[in-house]
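Asker: Letter by letter, the chains look like this.
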Amino acid sequence: MANLSGKYAIVGIGQTKKLGKVPEMSTMALHLECMKYALDDAGLKKEQIDGFVSNQPLSDPAHVYATQVAHYFGIHPRYCTDLAFGGATPILMVEHACMAIEAGLADYVMCVHARSQRTSAQFPKHGKLGGTEVDWTAPFGLVGAPAMHAFAARRHMHEFGTTSAQLAEVAVSTRYHASLNPTAEMRTPITVEDVLNSRWITEPLHLLDCCLNSDGGGAVIVTTAERAQSLPAQPIYILGFGSNTPHADFLEAPSHTTLGGAVSSKMAYQMAGLGPKDMQFAEIYDCFTITTMITLEDYGFCQKGEGGSFVQGGRIRLGGELPVNTHGGLLSQAHIEGELHILEAVQQLRHDITPAERQVPNATVGIVSGHGGNLHCHTSLILSNQRPS
Amino acid sequence: MTDYRKPLPLPDQDSKPFWDRVREHNFSMQQCKDCGHFRFPPRIICPECSSFEYEWAPLSGRAQVFAHVTYHHIYGPMWAPDVPYNVSIIELQEGPKMFSNVIGCKPDEVYVGMPLELVYDDVTEEFTLPKFRPAAA
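Taken in order, these protein sequences are the chains called V and B. Just so we're aligned, residue 33 is where the first sequence starts under the numbering used here, counting upward by one. Just so we're aligned, residue 62 is where the second sequence starts under the numbering used here, counting upward by one.
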């Protein structure tokens with residue numbers, strides 16, 4: 033495999049001004065808004081964008097959505113596609129951007145994901161994207177995203193003795209970071225007791241183990257490290273990436289406590305020539321607290337099964353050994369399927385975080401995770417503000 | 062029976078033979094004729110050896126709980142009378158896993174490894190759902 037480490041960079045980012053509850057904006061509008069900011073941030077003209085990747089949104093299911101979004105914006109790309117890898121898609125889009133440029137199919141690739149998930153019930157769309165596994169789940173009352181993750185939590189508890197209080201630490205730490213982020217929806221600090229006293233959704237997951245349901249969007253622009261030098265924004269170099277899918281649904285999963293992140297992170301570390309000890313922060317997909325805990329183990333920050341004790345004692349807080357989800361994550365900032373995890377990592381590496389107490393001091397390298405579907409899609413991305421020599 | 066409001070399967074070419082058999086109280090899954098592997102959900106190819114050859118083999122109905130969750134949040138009015146209710150990943154004696162409900166006991170009595178036996182729940186004239194209860198001692 034060609035080593036693409038450091039060959040490509042993120043040169044522009046954009047995020048919708050509003051996150052959380054944005055009933056006045058359509059799914060399309062949320063896309064177009066954050067794309068505009070990414071374009072401005074990169075100092076590019078829309079005519080220069082010749083690659084376009086989007087993540088078909090559940091809130092506006094349409095055939096070949098990417099073409100519609102691109103052309104509505106006035107972008108007429110050579111390379112254009114939707115990707116479908118659940119919450120692992122935002123990182124996969126960056127991966128595909130690098131691949132498209134490497135293959136000579138495009139020079140500047142816009143990657144965007146927006147959703148109107150919170151508002152979508154008010155404006156029903158014609159289509160409906162569903163899973164193929166629904167025949168085997170819904171008749172038994174197995175509906176909603178929490179249950180599959182609750183199965184993983186149950187197995188983690190059974191195999192390793194993990195407790196609800198340990199899972200709660202992830203929510204508490206993430207909320208603390210959100211309290212420092214003016215764009216976060218949930219900013220009131222919480223305690224482990226608050227999580228444990230919140231109602232059960234699907235036991236063993238409490239309400240506060242579960243992420244938000246949000247409207248909003250984010251976009252990034254990828255080009256070569258060479259071209260990045262003449263653009264206004266500080267380039268954030270793509271050092272490594274990987275993706276993995278170990279199973280289709282949980283019935284044939286080889287493990288319920290080791291997921292695709294174990295492979296995708298290894299791919300990313302290998303490409304970057306780095307390991308977990310080199311990461312100064314981690315933006316880890318957190319649809320549920322158990323997701324973050326399993327991913328921290330899969331990424332090698334601790335041994336398998338030790339995630340429960342790893343997240344305790346302030347280790348994953350700002351100022352701790354490994355700050356995790358410094359923006360407040362899906363649990364407390366907004367749920368745009370991991371797109372905002374990438375944007376946060378870029379801003380941390382630009383040292384562009386306000387207020388400054390949310391900035392990881394002197395950050396030079398960090399890792400981002402994506403996770404989707406029935407815990408069966410995973411992506412990893414290592415970013416740095418240092419261009420490898 | 063006609064006022065049954067919960068979701069029902071929408072069988073296709075692959076899954077119809079399963080549901081048709083369950084309706085006849087015949088709990089069978091596809092078994093590869095070449096390597097003997099039992100697979101679920103149904104499909105035309107063996108994920109172990111890539112053989113297209115299979116038969117619908119009756120299962121013992123004996124199983125155990127692999128993982129269990131309890132629904133407290135109500136996702137739709139049709140489930141309101143049921144909460145709290147159990148959903149489990151059921152590990153069948155023959156190997157495959159499936160999602161189902163453990164019934165006949167309280168959700169908080171269910172545990173990983175609990176021995177189970179099959180019960181047929183004839184929810185409508187068209188559909189029977191395979192469910193499980195604690196195995197008789």
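What the hints contain is simulated information worked out from the structure, not anything from laboratory work. Glycine included, every Cβ here is placed at the ideal spot set by N, Cα and C. It is possible that some hints are incorrect.
Claimed, not checked - Sample of chain V residues facing chain B (criterion: CB under 10 Å; computed from the structure):
1. 104
2. 107
3. 116
4. 137
5. 174
6. 179
7. 180
8. 187
9. 189
10. 234
11. 257
12. 259
13. 263
14. 266
15. 389
To be verified - On the chain V side, residues computed to face chain B include the following (Cβ under 8 Å):
16. 69
17. 169
18. 171
19. 173
20. 177
21. 182
22. 186
23. 233
24. 282
25. 286
26. 288
Asker: Next step is simple, just say for each hint if it's right about the structure.
Answerer: To see whether the hints hold, each was checked on the structure:
{"no.": "1", "hint": "104", "result": "violated (34 Å)"}
{"no.": "2", "hint": "107", "result": "violated (38 Å)"}
{"no.": "3", "hint": "116", "result": "violated (20 Å)"}
{"no.": "4", "hint": "137", "result": "violated (33 Å)"}
{"no.": "5", "hint": "174", "result": "holds (5 Å)"}
{"no.": "6", "hint": "179", "result": "holds (5 Å)"}
{"no.": "7", "hint": "180", "result": "holds (9 Å)"}
{"no.": "8", "hint": "187", "result": "holds (5 Å)"}
{"no.": "9", "hint": "189", "result": "holds (9 Å)"}
{"no.": "10", "hint": "234", "result": "holds (5 Å)"}
{"no.": "11", "hint": "257", "result": "violated (41 Å)"}
{"no.": "12", "hint": "259", "result": "violated (44 Å)"}
{"no.": "13", "hint": "263", "result": "violated (47 Å)"}
{"no.": "14", "hint": "266", "result": "violated (44 Å)"}
{"no.": "15", "hint": "389", "result": "violated (35 Å)"}
{"no.": "16", "hint": "69", "result": "violated (36 Å)"}
{"no.": "17", "hint": "169", "result": "holds (5 Å)"}
{"no.": "18", "hint": "171", "result": "holds (6 Å)"}
{"no.": "19", "hint": "173", "result": "holds (5 Å)"}
{"no.": "20", "hint": "177", "result": "violated (11 Å)"}
{"no.": "21", "hint": "182", "result": "holds (4 Å)"}
{"no.": "22", "hint": "186", "result": "holds (4 Å)"}
{"no.": "23", "hint": "233", "result": "holds (4 Å)"}
{"no.": "24", "hint": "282", "result": "holds (6 Å)"}
{"no.": "25", "hint": "286", "result": "violated (12 Å)"}
{"no.": "26", "hint": "288", "result": "holds (7 Å)"}
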